[in-house]
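Novice: Take a look at the letters that make up each chain.
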Amino acid sequence: MNDAAGQSLAEIGGRLQRLMEQPPDPADATELLALGEGVLEHWVRAKGREPTRDEREGFRLLALHRQGADKDPSFNACRETCRELAYHYNLLTLESDHEDSAQRARMMALVANHLYLFISGKMETEQLGEFCCSSKPLRTGLTGGVDGGRSAQ
Amino acid sequence: MSDKQTKTSKQKYAEVAYYPGCALEGSGHAYNRSTKALGKALGLKLKEVDNWNCCGAMEVKNIDPKLQTYLSSRVMSIAANKMNMDVVMAPCNGCYHNLKRAEWDLENEDKSKEVVGQLSQKAGHETYQAGQVETIHALDWIKDAIGEEGLKERVKNSLKDVKIANYYGCMYTRPRHIFPEKDAGPGTESTSKPHFMDDLLAAAGAENVDFPLKTACCGGAHTLSDSDTSTRLVANILQTAEAAGAEVIATECPTCHSGLEMHQIRAAKTLGIKTHVKIIYFTQLLGMALGLKPRAVGLQENVSDSFAFVKEKGLT
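Residue numbers (the working numbering), protein chains in the order written: chain A, 1 to 153; chain B, 154 to 469.
Note that these hints are calculated values from the structure, not bench results. Backbone N, C-alpha and C define an ideal beta-carbon position, used for all residues, glycine too. Don't take each hint at face value.
[As the list claims (entries may be wrong)] Partial selection, computed: residues in chain A whose CB lies under 10 Å from chain B:
(1) Glu31
(2) Ala34
(3) Leu94
(4) Thr125
[Said to hold, decoys possible] With a Cα cut of at most 35 Å, we get these calculated DSBU-like pairs of lysine-lysine:
(5) B:Lys163 x B:Lys235
(6) B:Lys422 x B:Lys163
(7) B:Lys165 x B:Lys313
(8) B:Lys346 x A:Lys47
(9) B:Lys422 x B:Lys200
(10) B:Lys466 x B:Lys446
(11) B:Lys335 x A:Lys47
(12) A:Lys47 x B:Lys235
(13) B:Lys266 x A:Lys71
(14) B:Lys193 x A:Lys71
(15) B:Lys346 x B:Lys335
(16) B:Lys346 x A:Lys71
(17) B:Lys446 x B:Lys316
(18) B:Lys335 x B:Lys198
(19) B:Lys309 x B:Lys165
(20) B:Lys309 x A:Lys71
(21) B:Lys266 x B:Lys200
(22) B:Lys335 x B:Lys422
(23) B:Lys446 x B:Lys193
(24) B:Lys466 x B:Lys313
(25) B:Lys309 x B:Lys235
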């Protein structure tokens, strides 16, 4: 598998941009998944943790998302984006000669780019997703917190 | 067994308390107009909640969550105790989310019950008790009161040549635990791949495209504080919809809708990313499918101009 390890977030963004500009190639699925993992690794490291090597439902990407969302419910704003990335990877690798493969590869690149944009935005403004998706209080206020962190689900 | 329990969803939703919320009186007025027009065309009754207040939106919720629970509970209390209604329908994702969240808090958090009781007493109205009303979204309303078959029977202008990407945004499905009726088996809404809007628009003849960013973050709440991030996220959503073959992004939330419209313009100006996909509320699309004129569903109130498009599609 291509490894995005060692690439800066900007380098990953640049690579995604190039992949989106060139004709979609189903063979890019493995690299796109690795780039998604690379983006998540940046988030996990930024939170002072070592990115997991575990897998969840057969994907390290989903395990990394889970790790990134730990104690940070707003990270669930990218949960479905990660799942779509895994879904498109499955489509492209399990049905590699499907007539829609090029279109699927194109969509996978756009989904990977969304994950990159969300996390790079969150690296600049950590509260991205906290204001809406997770409903995480910015401060406890007069009447205290509300649901003991259950919003993380 | 009470009347409330014996009523089917179809009967319960035929007349609902309508909670438009603040956005539908301002930037989302087209959604307000089209929701009312659609309800009228379908023979459904909306009784606006008397003297309604802010749901606590995002600002109050993020500073003092229990105050948001109280504000949302007051809306439900008026519907239940003053208007004697069983169902509150909120078309705005933010309002819908907050009322559902307040319901969950009052069901599960003793402290919330205590705070809501104290504030309700101080404000001089009956305290809302969890379970007194059912809060639904406009999608539930049409889906359950009319259904796909009912819509098909009423369609006058089929959406058959219209390719649509359905964008649900975040607050319609997240966080999962406040929507216990979702992910509950066949026929219920999914939080990971919502489909109610797809179902309704397909019933009106539309061709829904496979759109992988249905619930992806648009950076909505950061649209003023961090506009560049919002613009980049929205531009990617618009480009993905176009790449999926969509001519229209159907929306069901005023915040999503105005965010997509505004950042479509901004993406062209600041990033040079030009997209042509139209942004139209699902209520506007269904209304036109039922034969309502574009102006009757507020198409002129959208920021983006879709008149030529709907004319080309025979929806005028």
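Novice: Run every hint past the structure and note whether it holds.
Specialist: Hints, verified against the model:
| no. | hint | in the structure |
| --- | --- | --- |
| 1 | Glu31 | violated (18 Å) |
| 2 | Ala34 | violated (19 Å) |
| 3 | Leu94 | violated (16 Å) |
| 4 | Thr125 | holds (5 Å) |
| 5 | B:Lys163 x B:Lys235 | holds (23 Å) |
| 6 | B:Lys422 x B:Lys163 | violated (47 Å) |
| 7 | B:Lys165 x B:Lys313 | holds (31 Å) |
| 8 | B:Lys346 x A:Lys47 | holds (29 Å) |
| 9 | B:Lys422 x B:Lys200 | violated (42 Å) |
| 10 | B:Lys466 x B:Lys446 | holds (13 Å) |
| 11 | B:Lys335 x A:Lys47 | holds (32 Å) |
| 12 | A:Lys47 x B:Lys235 | violated (49 Å) |
| 13 | B:Lys266 x A:Lys71 | holds (26 Å) |
| 14 | B:Lys193 x A:Lys71 | violated (46 Å) |
| 15 | B:Lys346 x B:Lys335 | holds (11 Å) |
| 16 | B:Lys346 x A:Lys71 | holds (24 Å) |
| 17 | B:Lys446 x B:Lys316 | holds (20 Å) |
| 18 | B:Lys335 x B:Lys198 | holds (25 Å) |
| 19 | B:Lys309 x B:Lys165 | holds (26 Å) |
| 20 | B:Lys309 x A:Lys71 | violated (51 Å) |
| 21 | B:Lys266 x B:Lys200 | holds (27 Å) |
| 22 | B:Lys335 x B:Lys422 | violated (40 Å) |
| 23 | B:Lys446 x B:Lys193 | holds (14 Å) |
| 24 | B:Lys466 x B:Lys313 | holds (9 Å) |
| 25 | B:Lys309 x B:Lys235 | violated (38 Å) |
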